[in-house]
Amino acid sequence: MTGERTPILDVRGLTVALPAGLDRPYAVENFDLSVHRKEIVCLVGESGSGKSVAASAVMGLLPKGVLRIVGGSIRLAGQDITAVGENQLCALRGDRMAMVFQEPLTALNPVMTVGNQIAEVILLHRRDMSRAAIDARVMELLADVHLPSPETLKRAYPHQLSGGQRQRVMIAMALALEPALIIADEPTTALDVTTQAQILKLFRELLEKHDSGVLLITHDFGVVAEVANQVLVMQHGRVVEQGAPKAILKAPQHPYTRALIDAVPTFRFREERSAVDAPALEVENLRLVYRNRSFFGVRRETVALDDVSFTLAPGETLGVVGESGSGKTSLAKCLMRFETPDSGQIRIGGRSIADMHGAELRRFRRRIQMVFQDPYKSLNPRRTIGQSLTEGPVQHGLVRDKAVARAAGLLETVGLNPNAMERYPHEFSGGQRQRICIARALAMEPDIIVADEPVSALDVSVQAQVLELFETLRRRIGFAMVFITHDLRVASNICDRVAVMQKGRVVEIGRTEQVFRAPKDPYTISLLAAVPGGLELAA
Amino acid sequence: MRSSSIQGRLGEMLRVARSGPVLVGGLLLLVVIVTAIGAEHVATFDPMQIKPRLRLRAPDGTYWFGTDALGRDVFSRVLYGGKVSLLVGALAAAVGAVVGTVIGLVAGAFRTLDSVVMRIMDGVMAIPSVLLAVAMVSLIGPSMTTIVAAISFSEIPRVTRLVRSVVLTVREETYVQAAEGVGLPKPLVLYRHILPSCMAPLVVQTTYMFAAAILAEAVLGFLGVGFPPDIPTWGNILAEGRSVFQRAPWTIIFPGLFLAVTVLAVNILGDGLRDRLDPKLSRVAKVSA
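These protein sequence lines map, in sequence, to chains P and W. My numbering puts the first residue of the first sequence at 1, with every later residue one more than the last. My numbering puts the first residue of the second sequence at 540, with every later residue one more than the last.
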């Protein structure tokens, strides 16, 4: 992008071998890449495409004895780093290249102040710098990444910061030694949309100031459209397409790229539904407070839900959107009665469940079912799919044979082979597991399904398939659904109406198209503005 | 559905058995158990038969481990003694594990009971276990039931704490919430979805309890509050040998050796099981591409 054309990172023919006996011999095969100064190169692909392995190879962080480089060269500012020893590589890391990880909470040391963590990086590589000089540099870095009041923040511990602030600290650490190359592995995936937009903007801004190049790994084409100078699309360890982001987004050549771009949800609204008189679910003035109790009484109160009211018509889908901490999951927990609300009413088919207990509540559970966010954690790894699918209906009095037949039928409905019944969860992919979880919810023949971020743990192409499945099933079976998501594009595809939540309150509720096209609340406006790739509102 | 799960379990057991410590500890323990069970056939003399003329004979070809102060064959007594000691160990470990698990499950699952139950457990743990056992046996009188109860009583809090800690972690898992969501009653959720996660640490803890119980029985015998002196147990044999130890060291060395080897075998087995069953210690490096 600048006049200088010698790349700071130049990878040629990189091949990384996988251990024998896996589905393919190489994790990364014949991989070429160059990153110039002041340039952001995006590496895009789904899980298992080899993008993280390629980045780890560049950092020299491949797990020893499992993955090894068998061919090619990696040149960092002219020096081949596949040939250097461990000590030299350590010196290069941090000094010439640095990494920003996906989950800033686990990448930061929880028992060290953030100021000291940044200082440590400088101290390791610049032993001759005075303490005062290092302090000054830390302050400068914290200001660079736009952290408010650096003086107080440098004395804070990671858990005292928000997700976005932690990621800013990670970026400050990466910039500490003015490295030539920064590798960012999904740096915004764990963040809220508004925070994501700010961090991406920060990356662009910092490039102008610090003379570095960035290799950004992502699965999100929205991020690509926002920041990339160049894009590489990876599939099965190979680069299938590369070029300028505009060209690729507009006219993708490779079918895989096309499929990936098509799978990115866009704003698409559903037709208006005719009004129904008796609601399936009524929520009135719901309030939930989490209390941090200690021996001496209640120490701290957090209001998770405050005066939340809405209704849900039979067969209708209501989206609940908002950032993390806005109370979306607390709402789901209250509806499922995993939490007992402090006050307010939840009525299903006219009957109040907010104060139900014991056997009465268990009998009522049949009518409202949940699909959880993480399909890897929501199935008991020790039980077969058949056992998981039948235990609910059998508990509610269905004969075992009939429960098994129903489970087999449902597996077919969600697009799986009924012989999956005898297998264990670990034998299935994330998308398949989520289908199983949907089948488990449907096995109870519920009136209402609460889906808490059911697609956010899945790859984009799988995401699209699962969303389609939800839509087909809703039309065929006719259940009402509360669909919780942080992705407004997903919400626009699947929801008839949408409720925007902030700090435990519903700030805006209405028809999806109406809310998104003509938002009234400033918070809704800021959420919509932060959607990566901008507001491409299709009719 | 069943056959595949049984096959899976068999495979898992074979995998566990292939580790060195499990094999060594298991075989040693097996030898001790087999000789104790088959004491009638292996023993060379009646362990109760008193022969005053043969008092304190040193080990030789006839009396392999020598004789004690009453002229009884030490080898035969050690074998018969193993029977009682191992039985006490196994029963005390089993009672401790079962009762501790039930209390731990209840404490972990029901928040209202948790603090009360755990404070009681803390109280029990604060009393020295031997003192507690001595007090119980002196109050009720020595019998198999009292001794097993006395030994297992002080082991219960340890199991309770272990199980409770696993329950506290596992009950937050989404699949447990999912099971509650389909309307399973709490006891069934505990049994089906939480208890299986407790099994690996529980098996390991039980082997340690087994070893500790055998030692505790020996200590009670040694202090004179265990089984009546005429019943051969390792503790009783050691206690009787104490007064003649300087003249006839074999009266203490051989039962002591059996006791030491058994406890060592059980501990090695427990260590091996812990390494094999704890996924964090046994998992091979995961490949992520």
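In case anyone wonders, no lab produced these hints; they're calculated from the structure. Note that this is a predicted model, so its numbers are computed, not measured. Hints are not guaranteed to be accurate.
[Stated by the list, open to error] Restricting the straight-line Cα-Cα distance to at most 25 Å, the calculated cross-link-like pairs of lysine-lysine (PhoX-like) are:
1) W/590 with W/622
2) P/333 with P/377
3) P/333 with W/725
4) P/201 with P/38
5) P/402 with P/333
6) W/725 with P/377
[To be verified] Not the full set, but computed from the structure, chain P residues with beta-carbon under 8 Å of chain W:
7) 153
8) 268
9) 362
10) 377
11) 378
12) 380
13) 444
Beta carbons are placed, not taken as given, at the ideal position from N, Cα and C, and that holds for glycine.
Discussion item. Hinted pair, alpha-carbon criterion (25 Å max): residue 725 of chain W, residue 377 of chain P. Please report holds or violated.
Written reply: 20 Å, holds
Discussion item. For residue 590 of chain W and residue 622 of chain W, compute the direct alpha-carbon distance and say whether it is at most 25 Å.
Written reply: Judged against 25 Å, a Cα distance of about 23 Å means the pair holds.
Item to complete: Would you mind confirming whether the straight-line C-alpha gap from residue 201 of chain P to residue 38 of chain P stays at or under 25 Å?
Response: 14 Å, holds
Worksheet item: Can we keep the residue 377 of chain P interface hint, with Cβ of chain W closer than 8 Å?
Response: 4 Å, holds
Discussion item. With the threshold set at 25 Å, check whether the alpha-carbon distance from residue 333 of chain P to residue 725 of chain W stays at or below it.
Written reply: 17 Å, holds
Worksheet item: Going by Cβ atoms only, is residue 380 of chain P closer than 8 Å to chain W?
Response: At about 4 Å, which falls below the 8 Å cut-off, the nearest Cβ of chain W leaves the hint on residue 380 of chain P intact, so it holds.
Fill in: Hint validity - residue 268 of chain P Cβ closer than 8 Å to any chain W Cβ
30 Å, violated
Discussion item. Would the hint linking residue 402 of chain P and residue 333 of chain P be met if the CA-CA limit is 25 Å?
Written reply: 30 Å, violated
Discussion item. Please check whether residue 378 of chain P passes as an interface residue: C-beta within 8 Å of a C-beta belonging to chain W.
Written reply: 4 Å, holds
Discussion item. Residue 333 of chain P and residue 377 of chain P were given as a pair; does the straight-line alpha-carbon distance stay at or below 25 Å?
Written reply: It holds: about 17 Å lies between the C-alpha atoms, which stays within 25 Å.
Item to complete: Double-check residue 153 of chain P for me: the hint is only fine if its C-beta lies closer than 8 Å to a C-beta in chain W.
Response: 31 Å, violated
Discussion item. Next item in the hint list is residue 444 of chain P. Is there a CB on chain W closer than 8 Å to its CB?
Written reply: Because about 6 Å separates residue 444 of chain P from the closest Cβ in chain W, which is inside the 8 Å limit, the hint holds.
Figure legend: structure checked against the earlier numbered hints; hints not met, in rising order: 5, 7, 8.
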